[in-house]
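Enquirer: As a plain string of letters, each chain reads:
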Amino acid sequence: MQSEAHNFKTAAKGAIADVNLQQALGNLETGFVAARARAAAGLDEFEAMRDAAVELKNHILANLDYYLARFEERVVAQGGTVHFCATAEEARQTILDLCRANGAKTVTKGKSMVAEEIALNPFLEANGIDPIETDLGEYIIQLAEEPPSHIIGPAVHKTKDQVSDLFHEHHGKYGKTERLTEPEDLVNEAREILRQKYFDADVGITGANFLIAETGSTIIVTNEGNGDLTQMLTPAHVVISSIDKVVPTLEDVSTILRVLARSATGQEMSAYTTLSTGPKRDGDLDGPGEFHVVLLDNGRSDLLGTNKQDMLRCIRCGACMNHCPVYLAVGGHTYGWVYPGPIGAALDPHFLGIEEAHHLPGASTFCGRCQEVCPMRIPLPEIMRHWREEAFEKKVGATPERLGIRAWAFFARRPRLYRLATRLAMRVLGRAGSVRGGRFESLPLASGWTRGRDMPAPEGRTFIDRWTAGER
Amino acid sequence: MNTNSNNRARVGLFVTCLVDLYRPTVGFAAVKLLLDAGCTVEVPESQTCCGQPAYSSGDRADTKAIARNTIAAFQDFDYVVAPSGSCAAMLKHHYPKLFEGDADWELRAKDLAARTHELLSFLTDVAGVTNVDVSWDGKVTYHDSCSGLRELKVKEQPRRLLSAVEGLTLTELPTAETCCGFGGTFCIKYADVSVEMVTRKAEDIRGTDADMLLAGDMGCLLNMAGRLKREGSEIEVRHVAEVLAGMTGRPSIGEAEQN
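Chains as they are written, first to last, in this note's numbering: chain A, 1 to 472; chain B, 1001 to 1259.
Hints in this document: simulated from the structure, not taken from any laboratory. Just so you know, even glycine gets a beta-carbon here, dropped at the ideal spot from N, CA and C. Misleading hints may appear alongside valid ones.
Non-contacting residues of chain B with respect to chain A, defined by C-beta distances greater than 10 Å in every case (computed) [as the list claims (entries may be wrong)]:
(1) Met-1001
(2) Asn-1006
(3) Asp-1020
(4) Ile-1071
(5) Trp-1136
(6) Ser-1147
(7) Thr-1169
(8) Val-1198
(9) Glu-1203
(10) Arg-1206
(11) Gly-1207
Using 25 Å as the maximum straight-line C-alpha spacing, the simulated SDA-like pairs for lysine to any residue come out as follows [claimed, not checked]:
(12) Lys-395/A with Asp-1104/B
(13) Lys-1189/B with Ala-11/A
(14) Lys-1097/B with Asp-18/A
(15) Lys-1189/B with Leu-285/A
(16) Lys-394/A with Thr-1185/B
(17) Lys-9/A with Ser-254/A
(18) Lys-1189/B with Asp-18/A
Derived CB-CB ranges, DEER-like [unchecked claim]:
(19) Thr-81/A with Glu-1100/B: 42 to 52 Å
(20) Thr-81/A with Asp-1104/B: 53 to 63 Å
(21) Ser-1135/B with Ala-271/A: 17 to 27 Å
(22) Gly-26/A with Asp-1104/B: 46 to 56 Å
(23) Thr-10/A with Gly-1184/B: 18 to 28 Å
This is chain A alone, in the form it adopts within the complex:
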C-alpha cells in the first residue's frame, strides 16, 4: 500500500475528531486490555513462559539460515515447494504466476499481514484475478475498501452500525435486502455469502503464524475457521509468510502458542490452530492438490546483527497496540502503513525509510507499556529511540524542533551560563505568571501546549538560586 506515514499529524487530528472511530477504540481498550490482564494473572508461569519464548526466538534468529534450509527440505519432502522471495515485488509476481498456472479467476484469502505488506490484492486485481477475503474483519474492510487498522482485528475501527450499513449496501446483489443489526445475524449473513466462494475459488491463499522446520508444516491460528476452508477446498494452497516465522519443532511452537493468544485476545488458545503439511496425499479424503510456501525477506535479514534485531522476535499478537495510549487515541490508519502502533513505529521505518516514516517512532511518549506487555519482551521504546537518532543524524523532521533542542542543549552543557539564563527567565515568567493567577492561557513558542491546556507558571526564583542564597 502507498504509505501515508508522513501525514501522521494531520491524520491524527482527523482521527481524534472522528466520533465513530473513538467509540470503536473505546471498545478495544475495555475488551482486549482487560482480557489480557485476566489471562496473564490467571497463569502463575506466564512470565516464565515469556522468558522461554524470548530465549527460543533469540536462538532461532542466531541460526535462521539453518532452520530455513531445514524447513524447505521438509516441505519438498512432503511434495510442496518453497519460493524464497527477496522483495515484495518478487513475492507478488510469484503468487501471480502460481495463480495463472492454476488458471485462477478468483482466489480466497485467509488473513495475512504479509499479504498486506506486499500489497497483494491490488496487484491481483490489476491482473484480472478477484481476491476474496474470508476473515470476517478483512471481509468488512474489503467491502469498505480500506486497509486493516489493527494486525489481529483489521476492522476494529468500525462500529457495529457501520458494519450494518456496509452489509446492507453490498449484500443486496445476493438477495439480502434487510438491514441487519444484531452481531450474530451479521456474522451469519457473511458466512452464508462466503461459503459459496470457497467452492468457486481456484487458489486459496493463507498466511502462517509459524513455519515448522522439523516437519515442513505451516500453522495458522484463527478464531473463525475460515483459513481451514480457504486451504482445504481449493485445488492449490499458497502460503504467504516471512522468514522470521520459522520455529524448530512442534514442541517449540507450543511454547510460543501459550503466550500468543493470551497476549492477543486473552484467550488461552485461539479457537483453531491448523497445521498444513504438503498437498493432498494418496488416500487423503481432502486437501489441496498443490502446496506452495512463498517466503518473504523484504529486508528482514538486514535487521540481523543490528540494534533493531529484536524486532524479528515479534509474533504479531497486537498486544503493543491494544495497550498503547497513542494508538488508542488515533487508531491504526493514522500510522499510514501496514503495521500500526508501537510495532509499526519500530518496524515501518525499516520498510519505508526514516524520511517517510519519522513521525511513527517520533509519536511516542516512551511510556513503556508496549514493552511491558510484549510477550517477546521487544524493547520497543529503545528501538524507536534508535530511529530518532537516525532521523536526527540525517536532519529529518522539522528544523525548528531540531534547532530548539540544540539551543537548549548549548545551555544545559554549560552550567554557569545555564544558571544565569534560567535565573533571569524564571524571574520574568514567575512575575508574569503571578499576576495571571499562576498560569498562562497562551504563551509565545508554546502554542502546542496552550492549545488545549494552561501552562502553569513557575514559582519565580529557581531552587538553586534560593538554595545558594541560604534558604532551607
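Given the coordinates of chain A, work out where chain B should sit on it, guided by the hints.
Expert: Relative to the frame of chain A, chain B by itself:
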C-alpha cells in the same frame, strides 16, 4: 544505608530541571524528607538537566555531554536522589547504555547508576522510612508516572507513606498506570495527540471526586494541572513530596498566591 563518619548518609540532591525552574517547593520538600530520614543533603550547583530532551530527540552527542556533567557533579556522594522517576531512570538505566564501549565513562556511569534513587523509593526502600508526622484532611488520587512505574518499579512506596498522613484518604485512579500524554518534547511535537491523552486523563481524575491529584514527576504534573485548570477544575495538583513534607501552604501547581 551507607553512612559516613557522622553516621549520616551523604545525599546529593539531583533537583531536576523542572523542579529547579518551575517548582522549587518540591526541592525544599525533598530536602526536608531526606533530612528527616537522617541524611545530610547537598545540592551541587553545577547540575543542569539529566539530558532527556536531547536523548528523546535522538541527539546523542549533546546527551552524552550533559550526562558527563551530571556524572562529574555527583561523583562524591553516597547516594544521588531525584524527586522524579523519569530523571532518576535516566541516570540509573540510560546513562550506562549511553557510554557502552567507552570504558572509563561507562564505569563512572554505572557507579552513578548504582547510587541513584527516585525520592520515594529511596525514602522507603533504602532509608527505611515508614512514617511521616504530617496531616492533610481530604481525598487524594495518585497518578503513577510511567518511567518511575515501569523502569524503577515505584508503585507501592508513595502509597505506603501517604497512608501515614493523618486525615488523608487515597482513592485509586482506575487508569493510574495510563500515560498522561506528557512525554517530554512529545507534548509539543504531537500536541493534538498529547491533548487528547491528557483530556481523557483529566476526565478519569475528575471521576474520582478527589480534592487533590498527586504524582511524583513534575512533567506529568504540569501537563495534568494544565488540562484541569483549562477545564476550570478546582482539584489541587501537587508533587507527592509536598504533602509528605507538610508543605501544602504554598499555592498548588497552576495557582498563584491570593492577594
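Enquirer: All hints are to be evaluated individually against the structure, with a verdict given for each.
Expert: Going through the hints against the structure:
1. Every Cβ of chain A is farther than 10 Å from the Cβ of Met-1001/B; the closest lies at roughly 22 Å, confirming the non-interface assignment.
2. Against chain A, the non-interface label of Asn-1006/B holds: every CB pair exceeds 10 Å, the least being about 18 Å.
3. Residue placement check: Asp-1020/B does not keep its beta carbon more than 10 Å from all beta carbons of chain A (closest about 5 Å).
4. With a least beta-carbon separation of about 13 Å from chain A, Ile-1071/B lies farther than 10 Å from that chain, consistent with its non-interface assignment.
5. At roughly 20 Å from the closest C-beta of chain A, the C-beta of Trp-1136/B stays outside 10 Å, upholding its exclusion from the interface.
6. With a least CB separation of 7 Å from chain A, Ser-1147/B falls inside the 10 Å interface cut-off, contrary to its annotation.
7. With a least beta-carbon separation of about 26 Å from chain A, Thr-1169/B lies farther than 10 Å from that chain, consistent with its non-interface assignment.
8. Annotated as non-interface, Val-1198/B brings its C-beta within 10 Å of a C-beta of chain A; the closest such distance is 7 Å.
9. Every CB of chain A is more than 10 Å from the CB of Glu-1203/B (nearest about 12 Å), matching its label as outside the interface.
10. For Arg-1206/B, the requirement that its beta carbon stay farther than 10 Å from each beta carbon of chain A is met, with the minimum near 15 Å.
11. Every CB of chain A lies more than 10 Å from the CB of Gly-1207/B, the least distance being 15 Å, so the non-interface label holds.
12. Taking the CA atoms of Lys-395/A and Asp-1104/B, the gap is near 30 Å; set against the 25 Å cutoff, the hint is violated.
13. Under the criterion of a C-alpha separation no larger than 25 Å, the hint pairing Lys-1189/B with Ala-11/A is consistent with the structure, at around 14 Å.
14. Between Lys-1097/B and Asp-18/A the CA atoms are separated by roughly 41 Å; this puts the pair beyond 25 Å, and the hint is violated.
15. Of the supplied pair hints, the one linking Lys-1189/B and Leu-285/A is violated, its CA atoms being roughly 60 Å apart against a limit of 25 Å.
16. Simply put, Lys-394/A and Thr-1185/B have alpha-carbon atoms about 19 Å apart, close enough for the 25 Å limit, and the pair holds.
17. Proposed proximity of Lys-9/A and Ser-254/A is contradicted: the alpha carbons are some 41 Å apart, above 25 Å.
18. Restraint check for Lys-1189/B and Asp-18/A: satisfied, since their Cα atoms lie roughly 21 Å apart, inside the 25 Å limit.
19. The hint said 42 to 52 Å for the Cβ distance between Thr-81/A and Glu-1100/B, and at roughly 45 Å that hint holds.
20. Checked against the hint of 53 to 63 Å, the C-beta distance between Thr-81/A and Asp-1104/B comes to roughly 56 Å, which is consistent with it.
21. A beta carbon spacing of about 56 Å between Ser-1135/B and Ala-271/A contradicts the range 17 to 27 Å that was offered as a hint.
22. A hinted range of 46 to 56 Å holds for the C-beta pair Gly-26/A and Asp-1104/B, which are about 52 Å apart.
23. The hinted range of 18 to 28 Å is satisfied by Thr-10/A and Gly-1184/B, whose Cβ atoms lie roughly 23 Å apart.
Checked against the numbered hints given earlier, this structure breaks hints 3, 6, 8, 12, 14, 15, 17 and 21; the rest are met.
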